[in-house]
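2 protein chains.
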Amino acid sequence: MGALKRVTNKKDELEEKTCKNGQIKVGYQGVEGSFSEQAMRKYFEEDDISSSPFETFEDVFQALKDREISYGILPIENSSTGGIGEVYSLLRKYDFYIVGEMCIKITQNLLGIKGSKLEDIEEVYSHPQGFEQSVEFLKDYPHWKLIPYKNTAISAKYIREENSKKKAAIASKRTAELYHLDIIQQNINFNQDNYTRFIIVSADFDVTTDADKISMVISLPHKPGSLYQVLRYFAENHLNMLKIESRPILDRPWEYFFYIDFEGNLQNPHLKKAIDQIEKKSNFFKLLGNYRKGRNINQ
Amino acid sequence: MGALKRVTNKKDELEEKTCKNGQIKVGYQGVEGSFSEQAMRKYFEEDDISSSPFETFEDVFQALKDREISYGILPIENSSTGGIGEVYSLLRKYDFYIVGEMCIKITQNLLGIKGSKLEDIEEVYSHPQGFEQSVEFLKDYPHWKLIPYKNTAISAKYIREENSKKKAAIASKRTAELYHLDIIQQNINFNQDNYTRFIIVSADFDVTTDADKISMVISLPHKPGSLYQVLRYFAENHLNMLKIESRPILDRPWEYFFYIDFEGNLQNPHLKKAIDQIEKKSNFFKLLGNYRKGRNINQ
Chain A
1 MGALKRVTNK KDELEEKTCK NGQIKVGYQG VEGSFSEQAM RKYFEEDDIS SSPFETFEDV
61 FQALKDREIS YGILPIENSS TGGIGEVYSL LRKYDFYIVG EMCIKITQNL LGIKGSKLED
121 IEEVYSHPQG FEQSVEFLKD YPHWKLIPYK NTAISAKYIR EENSKKKAAI ASKRTAELYH
181 LDIIQQNINF NQDNYTRFII VSADFDVTTD ADKISMVISL PHKPGSLYQV LRYFAENHLN
241 MLKIESRPIL DRPWEYFFYI DFEGNLQNPH LKKAIDQIEK KSNFFKLLGN YRKGRNINQ
Chain B
1 MGALKRVTNK KDELEEKTCK NGQIKVGYQG VEGSFSEQAM RKYFEEDDIS SSPFETFEDV
61 FQALKDREIS YGILPIENSS TGGIGEVYSL LRKYDFYIVG EMCIKITQNL LGIKGSKLED
121 IEEVYSHPQG FEQSVEFLKD YPHWKLIPYK NTAISAKYIR EENSKKKAAI ASKRTAELYH
181 LDIIQQNINF NQDNYTRFII VSADFDVTTD ADKISMVISL PHKPGSLYQV LRYFAENHLN
241 MLKIESRPIL DRPWEYFFYI DFEGNLQNPH LKKAIDQIEK KSNFFKLLGN YRKGRNINQ
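Protein sequences, first through last, are from chains A and B.
Letter 134 of the first sequence, counting from 1, is numbered 134 in full-length UniProt numbering, and no numbers are missing.
Letter 19 of the second sequence, counting from 1, is numbered 19 in full-length UniProt numbering, and no numbers are missing.
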């Protein structure tokens, strides 16, 4: 496999990726207090990092391309609402690799300015996923006007600036601290087992010796049994598939890219054999990374 | 299979589903001029229908449950941006069936009040999918404020009411006619092969004799090779899988429901055998319908 350039351990890898002053440059989408920023702090908690917020997911990829940052951190899936299509597409579009993973427990909270109460509220601001995750709570307040915003943390910041008891945001407890807001009601997300999985992306393919998860994206000939053939290579080599996600192929309506995650380390010869077989059967094949599986972390 | 109650042809089925005055009651989400309404008109073009708009996807399912309507029509997938998670979840939550399908070509257009020009615009209103599908066009106007709305047609209606040259909507040509707006720029969606697939949902399981597509949702034991085992039954019985969509299982983070579409009619004995085998291997199994595949229709 040409993509496999080297096998390092995490320490070596970080040494190469630091600035002259020893800091690692990391980019995320959103603002301070966003779930991406929290995931970044947790993943790099033992490292000296300098972080840069970006407005869009693609801006993070562009900064990696321009070598402005060494790592980007991006949400790829929520355990209640599913995969984040745009990040899947960007992973295929840019020639970068997943080098790590972090799963963060997400709680949504209703935040208002000091002294505001449930009965004062007329308008609520949040990211559409904030509304979607709080849908059961919101059903009790059908008169509230819901206004979608780019980011839960930006909506909390806006509430602080507006300084009106009529306006509330759905966001994290961390943003309540940051913007000096009251938590009017906590944990309003209907699914109390609500995690977001973040990936750490790098322009270089790095495999740490403790890597136990592999991601790839493929497209297959449009004929009966082609996906079955691919899954057969996993089964025959006793490889555990963790996830399959279908995403549209733009110029071929109702045909799909398959993003497949499975357990393993590329140093395993069974796995190398299965991957070689899959690559041969695919119209499109890209290895997205071999990294350490992220545990579920409570905030 | 207990779910298979009867096999009818479309004419018989419609005769049973009419009101006393001969009209078929159909519900859709959105307002007049929405893509759902257009898909409904096209699917039922030879029938006498009375249609009801509903505010949310779930309202359509609730109206079916209350027998207020005989059919609901809902978008389930876009060929550029992928599956619509909420509709997949509602299909599993309610005990209803897919009885038909319609694929409509979607074009997005920039609409303004009479005489408005590109250089006048400061704010643009649309459904988030309207923005997402027009992302390449919008990159040339980074100063425009993008304001997400529930529905493309509602945003067009709002532009008409506001009557300001500074405001524009991204919506269909049909809404330009309905609300007497100018098309400032047509076909601004980046993917010119952009279709949305709609499903027709009924509270009763109906199989027409010309049905050629089957949908099911399953969950599988969380162990290596379980999805492979299921796909093997398709391959061994020469059944063509059309699509697999993974959706989260709420209380089990990183486990999935698989929504599988494949070709066939339930009267085929090979297919019945494969389905029985799959049902036995599944933790959860629901047959979602056997219906006629929708062609891609240009508007």
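Don't read these hints as lab results, they were simulated from the structure.
Wrong hints could be hidden among the right ones.
Because identical chains share one entry, a pair is satisfied inside a single copy or across any pair of copies.
As the list claims (entries may be wrong) - No more than 35 Å apart at the CA atoms, straight line, and that leaves these computed lysine-lysine pairs for DSBU-like:
1. Lys165 with Lys280
2. Lys280 with Lys65
3. Lys286 with Lys139
4. Lys293 with Lys42
5. Lys293 with Lys165
6. Lys150 with Lys165
7. Lys272 with Lys25
8. Lys145 with Lys166
9. Lys243 with Lys139
10. Lys166 with Lys293
11. Lys243 with Lys93
Small disclaimer: the values here were computed from a predicted structure and weren't measured.
Here is what the structure says about each hint:
1. Proximity of Lys165 and Lys280 under a CA criterion of 35 Å is satisfied in neither setting, with 61 Å inside one chain copy and 56 Å between copies.
2. For the homomeric pair Lys280 and Lys65, the shortest alpha-carbon distance inside one copy (29 Å) is at most 35 Å, but the shortest distance between copies (49 Å) is not.
3. Taking the closest pair of Cα atoms, Lys286 and Lys139 come within 35 Å of each other only across two copies (28 Å); inside a single copy the shortest separation is 43 Å, beyond that limit.
4. Only within a single protomer do Lys293 and Lys42 lie at most 35 Å apart by alpha-carbon distance; the minimum there is 15 Å, versus 48 Å between protomers.
5. Proximity of Lys293 to Lys165 under the C-alpha cut-off of 35 Å is found in neither arrangement, the shortest distances being 43 Å within a copy and 52 Å between copies.
6. Taking the shortest alpha-carbon separations for Lys150 and Lys165, both the intra-copy value of 22 Å and the inter-copy value of 25 Å come in at or below 35 Å.
7. Taking CA atoms no more than 35 Å apart as the test, Lys272 paired with Lys25 passes inside one copy only; the shortest distance there is 32 Å, against 57 Å between copies.
8. In this assembly of identical chains, Lys145 and Lys166 lie within 35 Å of each other by CA distance both inside one copy and across copies; the values are 11 Å within and 24 Å between.
9. Taking CA atoms no more than 35 Å apart as the test, Lys243 paired with Lys139 passes in both settings, with 32 Å inside one copy and 33 Å between copies.
10. Taking the closest pair of Cα atoms, Lys166 and Lys293 never come within 35 Å of each other, the shortest separation being 43 Å inside a single copy and 49 Å across copies.
11. In the homo-oligomer, the alpha carbons of Lys243 and Lys93 lie at most 35 Å apart both inside one protomer (20 Å) and across protomers (23 Å), since each shortest distance falls under that limit.
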